[in-house]
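Trainee: Just so you know, the protein sequences line up as chains A and B, in that order. Heads up, the first sequence is in this note's numbering, so the first residue is 779 and it goes up one at a time. Heads up, the second sequence is in this note's numbering, so the first residue is 779 and it goes up one at a time.
Among the clues, some could well be false.
[As the list claims (entries may be wrong)] Facing chain B, from chain A, some residues (calculated, C-beta under 8 Å):
1) V802
2) A810
3) C813
4) I816
5) M918
6) S1043
7) T1047
8) G1264
[Claimed, not checked] So these bits of chain B aren't anywhere near chain A, every CB distance computed over 12 Å:
9) L868
10) G926
11) D953
12) F968
13) K1086
14) F1111
15) T1119
16) F1175
17) V1179
18) Y1248
No wet-lab data here; the hints were simulated from the structure. For clarity, every value in this text was computed on a predicted model and none was experimentally measured. For every residue, glycine included, the Cβ atom is placed at its ideal position computed from N, Cα and C.
Protein chains: 2
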Amino acid sequence: MGLGVVAQLVRLGVVGSTSDHASVVSINLFVALLCACIVLGHLLEENRWVNESITALIIGLCTGVVILLTTKGKSSHILVFSEDLFFIYLLPPIIFNAGFQVKKKQFFRNFMTITLFGAVGTMISFFTISLGAIAIFSRMNIGTLDVGDFLAIGAIFSATDSVCTLQNFDLNHIDVAVVLKFLGNFCYLFLSSTFLGVFVGLLSAYMIKKLYIGRHSTDREVALMMLMAYLSYMLAELLDLSGILTVFFCGIVMSHYTWHNVTESSRVTTKHAFATLSFIAETFLFLYVGMDALDIEKWEFASDSPGKSIGISSILLGLVLVGRAAFVFPLSFLSNLTKKTPLEKITWRQQIVIWWAGLMRGAVSIALAYNKFTRSGHTQLHGNAIMITSTITVVLFSTMVFGMMTKPLIRFLLPASSNTVTSEPSSPKSLHSPLLTSMQGSDLETATANIVRPSSLRMLLSKPTHTVHYYWRKFDDALMRPMFGGRGFVPFSPGSPTEQSVHGGR
Amino acid sequence: MGLGVVAQLVRLGVVGSTSDHASVVSINLFVALLCACIVLGHLLEENRWVNESITALIIGLCTGVVILLTTKGKSSHILVFSEDLFFIYLLPPIIFNAGFQVKKKQFFRNFMTITLFGAVGTMISFFTISLGAIAIFSRMNIGTLDVGDFLAIGAIFSATDSVCTLQNFDLNHIDVAVVLKFLGNFCYLFLSSTFLGVFVGLLSAYMIKKLYIGRHSTDREVALMMLMAYLSYMLAELLDLSGILTVFFCGIVMSHYTWHNVTESSRVTTKHAFATLSFIAETFLFLYVGMDALDIEKWEFASDSPGKSIGISSILLGLVLVGRAAFVFPLSFLSNLTKKTPLEKITWRQQIVIWWAGLMRGAVSIALAYNKFTRSGHTQLHGNAIMITSTITVVLFSTMVFGMMTKPLIRFLLPASSNTVTSEPSSPKSLHSPLLTSMQGSDLETATANIVRPSSLRMLLSKPTHTVHYYWRKFDDALMRPMFGGRGFVPFSPGSPTEQSVHGGR
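Start from the sequences, fold in the hints, and give me the full structure.
Mentor: In structure tokens:
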């Protein structure tokens, strides 16, 4: 192919993603943009307004504008959003890394509060937003949307995976039987997903412990960890379970057992490789959202009255704020009732930060919206188009505007901790808190004489988490770690036999 | 979707890869099989016959048989071989890692011999096989194959990427002008691909050196290295250059400059992550080849006379042996004429090993065959089908039978070095030879007083490589490394500021 033909194809590359060359063009563009995001994000690191998600969004928007102008308004996205792409390739690394890097001690110590906010809180938010949407939108004329669509809106903007189960129910006949069935389905989904994740994690720990003692191979171990983590997610998808839950708990289990069974090199490699993959996936996603925001197709459908679009987006945004407030403040109050010391209570400043931090809708909301309201990336119906555009608007606005205000807000509300709190909960910076430190912390605590053996039921009732942790530690040391490995139960190995140690020969 | 529907879809999952659920099934299967390959490969590590490529092939074959029986002979592959998949996703990591891990000192010291064998040798092999194919196959009745097809066969079984340029020429009018044009095209391709790879490598080194001094971030650096390496390959594909050459030289440059500019954690991570990705890609490929070997479609087309198929495969195999021998022995002889000491000469035992080791056709042959002889993974024409089946047979036979005989052969021919030579040149074991050791070696040599400053033209003529290396070292230290970084030119940094050192808090 001469250069002339290549140039032609590049110009036409934006139309249709079926041609091989078009996909080569797309991939080139996205990889180059990803590099630009990393570089710019680094340069703007000290900036008080902009973080990396915002950088990615802005770069995506600019690119979308450029493509729009180049193709004279025909198309702004050169990669059709495929739910496959998101749910099968982008989401798993993000969630797995979250589980892998979670500070287990803090996570399980505050498990009750986390479950309260996470499950009950999401429910409250879901009902608030759904009811608000039904109450307000049914009075406006925005096309063919039914009860199911409004509930989907509630789910999308509360954005928890398990809530998707709702979409499978016949919502015209809601009665006690349906509610019970829903609850039962929810519990089944939750428990089996968690079990699957834990099972795969333990299996990987056992396999590596049995296979590689005495004959380590860093590359094989890393490959095995990566593949089994991904397998857990795909198995969950195959069995119609919650892939997010599965891969999250798989990450937790792997970091507790499997990670300790491998060589030192493997530990460093997996820790950073997982974080890097998660970072790339997130940036790619925000990049895409930014580019897709200007997709003419959708806006043409929804552009009957721009005022209505803006109105709907504002209402949704308002519902998100109200929905989150509806559970953060009441539940914090409830949670504080159970705390004895003032130090453990959640102050009102912290409550505002918690409320604020969760306002930013992101990756999962977009994906759910696309999943619900499009066919193969193209929006056909008027009502659906409005929902997509509104979701995109809400995500963009919340991420960019709320995101920009976050750093100053935290500095204002919590001045003492402003140098350790990051503006974006999922920012890679927060993921650098090393596993090693957190594990060291937990070890230290275990070793001290501060742990009093719970000798009565009263102690169990007054310090439930403490007691549970004590018995878990005994169970873990007596049964789990001897079988599955874990820190202190596996001999140290710096690298593969044929490998020099990390510090050799520098 | 109830479990009943899921079961149905799983059963039907083998038909058609368009459905989402079918791809979930495929991915599950492949990931599970990859894990099985790793485990089995490890268990069979001490086996004298079987290496990991063979293990992957066998597992693929068995799975193909199982699927064939399950679908009652309808289809044996559940993932249509997409050239995109291979050329865009599987091949880049394999080639990049090869470049990244290459022992640069040995590579460039023996550069002339390598080029001789690689370029001239491949040419000889190509002509031998093509002429042999034309001479023998045109006498047999195997369907519609023209001169271009026979030359393609020569290219496929000599398997060098640059030779693909030949496929674009009008082969009915071969004259001096065409030959010159071909040579010119070849040189342009070779030089620009190499230049692009070097350029992207240097760019990444420069960027990381400028951006991250004083403020390292391991995850960003690793992400940047990965993305820029992949970008180099995709740019080459976009500009119709040789992606393989580009990404190979990008790997070499990155290992010389970029790798030294990053944190210690990044160094460990990238070294192992690249090797792991390469390993996974190769295993996946052999798995697929094993599964696809039993694709009924192709064999139906080619099964007019099984005897003819076997005959053709045998002839091709014979041509491969002859073609390789046609250059290994003569060129070794030529190369030995330039060596002074007996120690540097290639002994006849080593020549046999060189000849043998290169017989095993692999990934690139399969991909090229598919590229040339199929449309979207389905073989339509009789002649094409025969070529595909023959290629698969040759690859399977050479990998498995020759592969199995390699370890014993080497032990027989080169008993002294049998414990360091691996049977499979691309086996991950050989990739464990640490960069660190090889770099240490080259540093030591540079530091010793053994390097005599070449003071005359006579020295340049008598020890060309030595002289070139001397001047390269001077140029590198004076100009390149100060600008692009490299060992000794960048302050040591163990990890990101927020990271504990690798050994902290264990």
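Trainee: A separate judgement is required for each hint: does it hold in the structure or not?
Mentor: Hint by hint, here is what the structure shows:
1. V802: holds (5 Å)
2. A810: Given a least distance of 6 Å, the restraint on A/A810 holds.
3. C813: Holds, because the Cβ-Cβ distance from A/C813 to chain B comes to roughly 5 Å (cut-off 8 Å).
4. I816: holds (5 Å)
5. M918: violated (34 Å)
6. S1043: holds (6 Å)
7. T1047: holds (4 Å)
8. G1264: Given a least distance of 13 Å, the restraint on A/G1264 is violated.
9. L868: Check passes; 14 Å lies beyond 12 Å.
10. G926: Answer for B/G926: holds, closest chain A Cβ roughly 17 Å.
11. D953: holds (21 Å)
12. F968: holds (17 Å)
13. K1086: Consistent with the label, B/K1086 stays out of reach of chain A, its closest Cβ about 34 Å off (over 12 Å).
14. F1111: holds (34 Å)
15. T1119: holds (28 Å)
16. F1175: holds (27 Å)
17. V1179: holds (26 Å)
18. Y1248: holds (23 Å)
In summary, the structure is inconsistent with hints 5, 8 from the numbered list given earlier, while agreeing with the others.
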